[in-house]
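**Q** Sequence:
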Amino acid sequence: MLVIYNSISKQKEIFKPIYDNEVRMYVCGMTVYDYCHMGHARTVVAFDVINRYLRYAGYQVTYVRNITDIDDKIIHRAVENKESIQSLTTRFIQAMDEDLQALGTLKPDFEPKATDYVAEMIAIIEKLIAEGLAYVGRTGDVYFDVMQFEHYGKLAHKDLEALQAGARVAVEEAKKSPLDFVLWKLSKPNEPYWASPWGNGRPGWHTECVVMSKLQLGQPFDIHGGGHDLKFPHHENELAQAEGAYHQDFVHYWMHVGFIEINKEKMSKSLNNFFTIRDVLCEWRPEVLRYFLLASHYRSPVDYSLEALEGAHQALDRLYLALRGVDLNVEVVEDVVAEQYEERFKEAMDDDFNTPIALSVLFDLVRELNRAKVEGKDNVVALAQKLKHLAGVLCILTEPTEQYFQHSAANKMGIEAIENLVAQRRLARSEKNWVKADEIRQQLAEKGVIIEDSGEATTWRYE
RNA sequence: GGCUGGGUGGCAGAGUGGUCAUGCUGCGGCCUGCAAAGCCGUUUACGUCGGUUCGAUUCCGGCCCUAGCCUCCA
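Numbering (my numbering), first residue to last: 1465 to 1927.
Since the hints were made in silico from the structure, they are not lab data. Check before you lean on any hint, since a few could be wrong.
[As the list claims (entries may be wrong)] Here are the simulated lysine-lysine pairs, DSS-like style, with alpha carbons at most 25 Å apart:
hint, residue 1, residue 2
1, K1652, K1678
2, K1591, K1476
3, K1695, K1810
4, K1640, K1571
5, K1474, K1695
6, K1537, K1652
7, K1480, K1810
8, K1695, K1577
9, K1640, K1474
10, K1810, K1876
11, K1571, K1695
12, K1622, K1695
13, K1837, K1852
14, K1618, K1640
15, K1480, K1652
16, K1841, K1876
17, K1476, K1618
18, K1695, K1480
19, K1678, K1577
20, K1841, K1852
Just so you know, these numbers come straight off a predicted model, no measurement behind them.
Could you put together the complete structure from these sequences and hints?
**A** Structure, rendered in structure tokens:
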């Protein structure tokens, strides 16, 4: 029984899809004017695991993640770069695809772009005006009239009074209330525009998600997610539009992912304390990054640090080491003990996708496996297969074992040279020339190569 | 100011009304030519002050500290 923490009720709730075993999930994606950073990675990986687990659990998932390819930041950046908007967004969409693929995330089933749905956005704005929920302001822009939607604030748990008291924005004369948000923004000279009943302009940000989710998933749909910073105002504003326009629930389960922090401070573009995914992938292999992200629960804040990455690396090594020397390319073997670990794994993931616990189950399985290896039990293969299989749901332990340890990289000693030294050392050892054997081991260690003897065999790996 | 979250052992990070999280690290042992890996054992916890309880890190209340949102942000 799957339980999900729902932001709107602030409680864990039993998950019941709208249609039997189908899950319809929409996640707010990127605004493509720059490279993706670790914060994006976290949200994307979190929902990737959710997507994978739901499928593993037998649900038929439709996963939609939008691309925002028109907004003020994009326009500004294009001007800054003396580049067309089209070229800017195309470039960063491609970069995003590369980065997310490197992280091993599955592509969403649909990745709608805002600019492909402008006509539909205009239609919903017209409907909102007809419903009395939107108005044309004094400057000609169209605004959502927050006061007219009685449930405004129900997601973020804010009441209008408090919001107004805290409003830091200078009241724009064009709006009735400072909380009203723009649905259609008239274009200035040299800005891109679409024709509309209110003049040439472009849609406000929040509307695209309402339109694209409804088109591809219907309304209501099951899960809507995104980073924690989207809860308010973005998701609140989506909800107001969707429920205001169609008079029915918008979303059943709202999920929000916690922030990546640096020195306990939110990583964000405005604070300029962010690391891009590609920066990090220059130093660390993608799987380490994934492990790091999965080692804490998706709702908690995570502090990004070298120590944490190193910890992830070591933990991952332990998982892979357990698989070493086991031939997995055989028919899947059933084993009662192995099944117990799968049950525990499911239990962990069923509890609001608790990946830290799921990982701890994997480590318990590793101990079981190592023990079985030492004792020469006959369930070694079954345990190893189970480990690989369950880890695969989290999309870790995906590489062939030896490839993981002997992964070539430009700055490392070549495999041939290593094998050569290992052979020399084997000879020295057979002659009980311990001095020479230790010398070679030391030589390799200085190059970051770890030697492991077990009986006659010697294996090596990069540290 | 309002609204959300947090404060756990050397670090990271879960969780629970009364036996173990887990990973890294420390210590002891086994194994090993010595190591590494592995196995076994083991030390150091639950911000603070009260309350409920036979018993609270876990429930309730006050306080302190801290992050986030209230403006674009995953």
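**Q** Next step is simple, just say for each hint if it's right about the structure.
**A** Now the hints, each set against the structure:
1. The hinted pair formed by K1652 and K1678 fails the criterion: a straight-line CA distance of about 30 Å is larger than 25 Å.
2. Distance hint between K1591 and K1476 is unfulfilled; the C-alpha atoms sit about 35 Å from each other, more than 25 Å.
3. Taken as a hint, the K1695 and K1810 pair is broken in the structure, with Cα atoms around 28 Å apart against an allowance of 25 Å.
4. As the CA atoms of K1640 and K1571 are separated by approximately 42 Å, the hinted pair breaks the 25 Å bound.
5. About 13 Å separates the Cα atoms of K1474 and K1695, which keeps this hinted pair within 25 Å; it holds.
6. Distance hint between K1537 and K1652 is fulfilled; the C-alpha atoms sit about 15 Å from each other, no more than 25 Å.
7. Distance hint between K1480 and K1810 is fulfilled; the C-alpha atoms sit about 17 Å from each other, no more than 25 Å.
8. For the hint linking K1695 to K1577, the alpha-carbon distance of about 21 Å falls within 25 Å, and the restraint holds.
9. Distance hint between K1640 and K1474 is unfulfilled; the C-alpha atoms sit about 31 Å from each other, more than 25 Å.
10. Only pairs whose Cα atoms come within 25 Å are accepted, and K1810 paired with K1876 is rejected, the gap being roughly 39 Å.
11. As the CA atoms of K1571 and K1695 are separated by approximately 24 Å, the hinted pair is consistent with the 25 Å bound.
12. Taking the CA atoms of K1622 and K1695, the gap is near 11 Å; set against the 25 Å cutoff, the hint holds.
13. In summary, the hint linking K1837 to K1852 is supported, as the alpha carbons are separated by about 16 Å, within the 25 Å threshold.
14. Proposed proximity of K1618 and K1640 is supported: the alpha carbons are some 21 Å apart, at most 25 Å.
15. For a cut-off of 25 Å, the pair hint linking K1480 to K1652 is broken: about 47 Å separates their Cα positions.
16. Between K1841 and K1876, the direct Cα distance comes to roughly 37 Å. Violation of the 25 Å bound is thereby established for this hinted pair.
17. A threshold of 25 Å between alpha carbons decides the hint, and for K1476 with K1618 the separation of about 17 Å falls inside it, so the pair holds.
18. At roughly 22 Å between alpha-carbon atoms, K1695 and K1480 fall within 25 Å of each other, so this suggested pair holds.
19. Of the pairs offered as hints, the one joining K1678 and K1577 holds, with about 14 Å between alpha carbons and a cut-off of 25 Å not exceeded.
20. Proposed proximity of K1841 and K1852 is supported: the alpha carbons are some 18 Å apart, at most 25 Å.
Violation of the numbered hints given earlier is confined to hints 1, 2, 3, 4, 9, 10, 15, 16; the remaining hints are satisfied by the structure.
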